[in-house]
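Colleague: Required output: the full structure, derived from the provided sequences and hints.
Number of protein chains: 2
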Amino acid sequence: MGKLLIVGTVAFDAIETPFGETDKILGGAATFISLAATQFNVDSAIVSVVGEDFPQEYLDLLANKNIDISSLEVVKGGKTFFWKGKYHNDLNTRDTLVTELNVLADFLPVVPENYKNSDIVMLGNLHPSVQMNVINQMTEKPKLIVLDTMNFWMDNALDELINVIKHVDVITINDEEARQLTNEYSLVKAAAKIQEMGPKYVVIKKGEHGALLFYKENIFFAPALPLEEVFDPTGAGDTFAGGFTGYLAQTENISFENLKNAIIHGSNLASFCVERFGTERMQNLDKEEINNRLLQFKKLTQFDIELQ
Amino acid sequence: MGKLLIVGTVAFDAIETPFGETDKILGGAATFISLAATQFNVDSAIVSVVGEDFPQEYLDLLANKNIDISSLEVVKGGKTFFWKGKYHNDLNTRDTLVTELNVLADFLPVVPENYKNSDIVMLGNLHPSVQMNVINQMTEKPKLIVLDTMNFWMDNALDELINVIKHVDVITINDEEARQLTNEYSLVKAAAKIQEMGPKYVVIKKGEHGALLFYKENIFFAPALPLEEVFDPTGAGDTFAGGFTGYLAQTENISFENLKNAIIHGSNLASFCVERFGTERMQNLDKEEINNRLLQFKKLTQFDIELQ
Numbered sequence: 498m499g500k501l502l503i504v505g506t507v508a509f510d511a512i513e514t515p516f517g518e519t520d521k522i523l524g525g526a527a528t529f530i531s532l533a534a535t536q537f538n539v540d541s542a543i544v545s546v547v548g549e550d551f552p553q554e555y556l557d558l559l560a561n562k563n564i565d566i567s568s569l570e571v572v573k574g575g576k577t578f579f580w581k582g583k584y585h586n587d588l589n590t591r592d593t594l595v596t597e598l599n600v601l602a603d604f605l606p607v608v609p610e611n612y613k614n615s616d617i618v619m620l621g622n623l624h625p626s627v628q629m630n631v632i633n634q635m636t637e638k639p640k641l642i643v644l645d646t647m648n649f650w651m652d653n654a655l656d657e658l659i660n661v662i663k664h665v666d667v668i669t670i671n672d673e674e675a676r677q678l679t680n681e682y683s684l685v686k687a688a689a690k691i692q693e694m695g696p697k698y699v700v701i702k703k704g705e706h707g708a709l710l711f712y713k714e715n716i717f718f719a720p721a722l723p724l725e726e727v728f729d730p731t732g733a734g735d736t737f738a739g740g741f742t743g744y745l746a747q748t749e750n751i752s753f754e755n756l757k758n759a760i761i762h763g764s765n766l767a768s769f770c771v772e773r774f775g776t777e778r779m780q781n782l783d784k785e786e787i788n789n790r791l792l793q794f795k796k797l798t799q800f801d802i803e804l805q
Numbered sequence: 498m499g500k501l502l503i504v505g506t507v508a509f510d511a512i513e514t515p516f517g518e519t520d521k522i523l524g525g526a527a528t529f530i531s532l533a534a535t536q537f538n539v540d541s542a543i544v545s546v547v548g549e550d551f552p553q554e555y556l557d558l559l560a561n562k563n564i565d566i567s568s569l570e571v572v573k574g575g576k577t578f579f580w581k582g583k584y585h586n587d588l589n590t591r592d593t594l595v596t597e598l599n600v601l602a603d604f605l606p607v608v609p610e611n612y613k614n615s616d617i618v619m620l621g622n623l624h625p626s627v628q629m630n631v632i633n634q635m636t637e638k639p640k641l642i643v644l645d646t647m648n649f650w651m652d653n654a655l656d657e658l659i660n661v662i663k664h665v666d667v668i669t670i671n672d673e674e675a676r677q678l679t680n681e682y683s684l685v686k687a688a689a690k691i692q693e694m695g696p697k698y699v700v701i702k703k704g705e706h707g708a709l710l711f712y713k714e715n716i717f718f719a720p721a722l723p724l725e726e727v728f729d730p731t732g733a734g735d736t737f738a739g740g741f742t743g744y745l746a747q748t749e750n751i752s753f754e755n756l757k758n759a760i761i762h763g764s765n766l767a768s769f770c771v772e773r774f775g776t777e778r779m780q781n782l783d784k785e786e787i788n789n790r791l792l793q794f795k796k797l798t799q800f801d802i803e804l805q
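From first to last, the protein sequence lines stand for chains A and B.
Under our numbering, think of the first position of the first sequence as 498, with each following residue one higher.
Under our numbering, think of the first position of the second sequence as 498, with each following residue one higher.
Keep in mind the hints are simulated off the structure, nothing from the lab.
These figures come from a predicted structure and were not determined experimentally.
Mixed in with the good hints, there may be bad ones.
The list makes no distinction among identical chains, and a pair is therefore deemed to hold if it is satisfied within one copy or across any two copies.
To be verified - Using 20 angstroms as the maximum straight-line C-alpha spacing, the simulated SDA-like pairs for lysine to any residue come out as follows: (1) Lys796 to Asn563; (2) Lys795 to Asn755; (3) Lys713 to Asn789; (4) Lys703 to Val685; (5) Lys703 to Asp672; (6) Lys583 to Asn611.
Modeller: The structure is reproduced here in structure tokens:
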């Protein structure tokens, strides 16, 4: 059982989809990552910040799942990060309607003492300087540092982003962002360029079209499970990252072969996340459901072909 | 070794991509289908029509690959079907610049006597009435009838299309067309509706995002091989169909398990097709290249996961 350190936002989200809309509900990258990671046998801690308006009920929800929230800072008089977004009819694209950074604007992350030797560090989407700050606090070199980012930082903090990318082992990024970062349309070429920037492993997320894992000359692909209905894609990428790192922390094996399995576990959990608004589906998920869907992934992709 | 009957256009194509453009070159659905099918141990015949302007060299090319072209009618004084298209920068979308039906406008298909008992019938993209006419000429019920179609017929001959769909076992269709035909955004729901229209098997082609095979409650997915460069997507879908039906005709096994393999073979051959303009890559392709790439497909998708 390994230690997993999770850095990222803990937030309020308000979501509009073609199927309905929510008031402010629990959201944030670190929230989705940590909820997914609790499906594995790991010790995990969140490094993040919220305001005084953040409900005790949400803190309890995380703590009751044995997520260490001692470094989830609560700022007196502060307001929690708030994001509001509206998905288009195809659910593949969305508009951001509101972004209020609030307490996130001055966030200084503090890694808990007993997590400075974490096996796996999952740097959820945040300012690259905050991500770098966390890496610098580690007293032992982690087995694996995984970084998630987005186009916002490419537009607004590219130098800092390029710097932190140098220091990580795995980057997870979506297809359009990979193209933006490298000026390469071909994802194969884009991944090769990103590997030259630092990360040994590059994971390119294609939403409903699955995810690609690149390692040296090797490529592995996991489809997204075809679903009758995608209800709310919010948090799917973070849930993927949580399943990916949670599985790696549990198994303490960072071989390419095991990273393939981690990709499948991440895709599997993400397929649940999108079935309800926000974290709803991830709060109550049992092993049997998860295992049944893993079998679906096998059926979906495995074949037994002979060469001609 | 089974018999494969192929119906579809034999044409001139002129293609513009971001990488260059061609004059009139060999194209057409039946051309791509038959070239792909020659990679398997099958007897195949084309039912189609060309004009007197069609070069003997192209006829020889097909005949030299042991494709029976006795029912590839050459209309004296007629002109061959001509399509000109321009691909956008992402190569996923294109504009049709010219469509000249020419001899195709009055085409009456004639199935060769010795192919009226074919094992597999591949109905390439053509007017649904022509496709139905071919089905009606079969004296023995084929093991499997596969139909390809496109949005053009949904817009212009929907009743005839719905009628021929009732009579086929497999339909291959792209994602947007599946949505148009069923008014369902979810491909899972769209496939279920199409199955109610007749076909036991539904293959939904997603271009660079792979292909899905639906059968009852089962779904199988084959990714497209991630390529450094896609040069010209023309004919990829037909090459897929040719690999799919060629393999099924060779193995004479139409179980769901074997259809999975056929999907992989189709995807594999399509990955070659897009590397050059038109049929260029498919004209000279050897077993070793094909087998090497099949191994890449295995590496890309196969994993060995244990349940939690």
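Colleague: Provide an ascending list of the numbers of those earlier hints which the structure does not satisfy.
Modeller: Numbers 1, 6, in rising order.
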